[in-house]
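Read top to bottom, the protein sequences are chains Z and U.
Residues in the first sequence are numbered from 1 upward in steps of one, following the numbering used here.
Residues in the second sequence are numbered from 198 upward in steps of one, following the numbering used here.
Incorrect hints may have been included.
[Said to hold, decoys possible] Beta-carbon label-pair distances, calculated as ranges:
1) P115/Z <-> E333/U: 37 to 47 angstroms
2) E140/Z <-> E325/U: 50 to 60 angstroms
3) K43/Z <-> I365/U: 52 to 62 angstroms
4) E195/Z <-> E362/U: 31 to 41 angstroms
[To be verified] So the derived list for chain Z, only partly shown, Cβ under 7 angstroms to chain U, looks like this:
5) N57
6) L71
7) G72
8) A190
9) F192
10) E195
None of these hints come from the bench; they were simulated from the model.
Since the structure is predicted, the reported quantities are computational estimates derived from the model, not experimental observations.
Note that beta-carbon positions come from the ideal geometry of N, C-alpha and C, so glycine has one too.
Number of protein chains: 2
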Amino acid sequence: MAIGIEIIRDLRQRTGAGVLDCKKALEEADGDIEKAIELLRKKGLAIAARKADREANEGLVEAYIHPGGRLGALLELNCETDFVARTEDFRGLAHDLAMQVAATNPQYLTPEDVPSEVLERQREWQREQLGGGKPEEVVERILEGKVRKYYQEVCLLEQTFIRDEGLIVRDLITSKIAKLGENIKVRRFARFELEGH
Amino acid sequence: MAIGIEIIRDLRQRTGAGVLDCKKALEEADGDIEKAIELLRKKGLAIAARKADREANEGLVEAYIHPGGRLGALLELNCETDFVARTEDFRGLAHDLAMQVAATNPQYLTPEDVPSEVLERQREWQREQLGGGKPEEVVERILEGKVRKYYQEVCLLEQTFIRDEGLIVRDLITSKIAKLGENIKVRRFARFELEGH
Numbered sequence: 001m002a003i004g005i006e007i008i009r010d011l012r013q014r015t016g017a018g019v020l021d022c023k024k025a026l027e028e029a030d031g032d033i034e035k036a037i038e039l040l041r042k043k044g045l046a047i048a049a050r051k052a053d054r055e056a057n058e059g060l061v062e063a064y065i066h067p068g069g070r071l072g073a074l075l076e077l078n079c080e081t082d083f084v085a086r087t088e089d090f091r092g093l094a095h096d097l098a099m100q101v102a103a104t105n106p107q108y109l110t111p112e113d114v115p116s117e118v119l120e121r122q123r124e125w126q127r128e129q130l131g132g133g134k135p136e137e138v139v140e141r142i143l144e145g146k147v148r149k150y151y152q153e154v155c156l157l158e159q160t161f162i163r164d165e166g167l168i169v170r171d172l173i174t175s176k177i178a179k180l181g182e183n184i185k186v187r188r189f190a191r192f193e194l195e196g197h
Numbered sequence: 198m199a200i201g202i203e204i205i206r207d208l209r210q211r212t213g214a215g216v217l218d219c220k221k222a223l224e225e226a227d228g229d230i231e232k233a234i235e236l237l238r239k240k241g242l243a244i245a246a247r248k249a250d251r252e253a254n255e256g257l258v259e260a261y262i263h264p265g266g267r268l269g270a271l272l273e274l275n276c277e278t279d280f281v282a283r284t285e286d287f288r289g290l291a292h293d294l295a296m297q298v299a300a301t302n303p304q305y306l307t308p309e310d311v312p313s314e315v316l317e318r319q320r321e322w323q324r325e326q327l328g329g330g331k332p333e334e335v336v337e338r339i340l341e342g343k344v345r346k347y348y349q350e351v352c353l354l355e356q357t358f359i360r361d362e363g364l365i366v367r368d369l370i371t372s373k374i375a376k377l378g379e380n381i382k383v384r385r386f387a388r389f390e391l392e393g394h
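Bound-form chain Z, shown alone (with noise of 0.2 angstroms):
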């Protein structure tokens, strides 16, 4: 089919994939945006997947302190080189996550890095909170649904992006290495609100 000029602008500036990508996942997905977004969002997640192994210990230190002073973030971000660091994509990237950490107070980066006492500690009281009588394939299924949920809510690269619902985090940056060419990481972060607020 015949993809319009103005439906590829669109699709380059939501997914920042080249034109010809775009076209492409255009065709294939009969013109429907959504689905060539999601064409191109797996084809950005192949890209990534190669680049994930690559050292990143260039990047930025980014500060966001919300209105009013009471509660800021700090972040550092990594990629390949200082030529992306100063990207204006890559800095709208350190600036988001760094808003993302004040806004929604991750405790861990990614899963893997929240201690395996306090992944016990939360099955076990979500074990309490559904009570006796549930055959125990059920209840490891349910507690299997509350562990992702709960890493939804703790861990930064799981949360939903602020700005944008339909975005996971781990998925906004993979779309920045997809578009920027290196990996990119966050390497750490650390927030601080006044007490009571």
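Based on these hints, arrange chain U on the given structure of chain Z.
Leaving out everything else, chain U in the frame of chain Z:
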């Protein structure tokens, strides 16, 4: 002796103390402004000591990102009321302290925060540097001096203020306590720097 208006204004600017206090201090110091500052500082210390037990849960979270974005600091500075938190003096202090943390990379807030095993390692290392053959009491005296110097390097409150080499950070804060009339405390700080920079 008669104290001129200019020198009083000068002293007020440098200490933040009131007109009458400045006049009195200058009279007591026979018009010697450095001596008057010392007198006011001692007085400031007295004022500060009376306020040091008061709760301080208001304040500001402030960030400083060094130009280039490779290095940044986040700091929480507490005072007693939101009113004081909004003053230019308090904001300036928060900014200066965040910049101090970025510039000097303190590891602790006060000497009491240095873990005893870290201190012990420091002392052992310094003792090795000294070599043998000195009487133990001489060694002890030298070690005390070295430990004091170590504190001045790694403890924020013991450091020399980067914007005024004649001032220790602790005394800078004390002078603001005296000026603003509220207890002021650094609650915590964080500092991120790109690796290898």
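Tested hints:
1. The beta-carbon spacing between P115/Z and E333/U, approximately 45 angstroms, falls within the hinted interval of 37 to 47 angstroms.
2. The hint said 50 to 60 angstroms for the Cβ distance between E140/Z and E325/U, and at roughly 57 angstroms that hint holds.
3. A hinted range of 52 to 62 angstroms for the beta carbons of K43/Z and I365/U is consistent with their spacing of about 58 angstroms.
4. For E195/Z and E362/U, the hinted distance range of 31 to 41 angstroms is satisfied, since their beta carbons lie about 34 angstroms from each other.
5. Hint status for N57/Z: holds, given a least beta-carbon distance of 5 angstroms to chain U, under 7 angstroms.
6. Here the hint on L71/Z is kept, as its CB sits about 6 angstroms from the closest CB of chain U, short of 7 angstroms.
7. Proximity of G72/Z to chain U holds as hinted, the smallest CB-CB distance being about 4 angstroms (cut-off 7 angstroms).
8. Residue-level restraint check for A190/Z holds (minimum Cβ-Cβ distance to chain U is 4 angstroms; threshold 7 angstroms).
9. Look at F192/Z: its Cβ gets to within about 4 angstroms of chain U, closer than 7 angstroms, so that hint holds up.
10. Proximity of E195/Z to chain U holds as hinted, the smallest CB-CB distance being about 5 angstroms (cut-off 7 angstroms).
Figure legend: structure checked against the earlier numbered hints; every hint is met.
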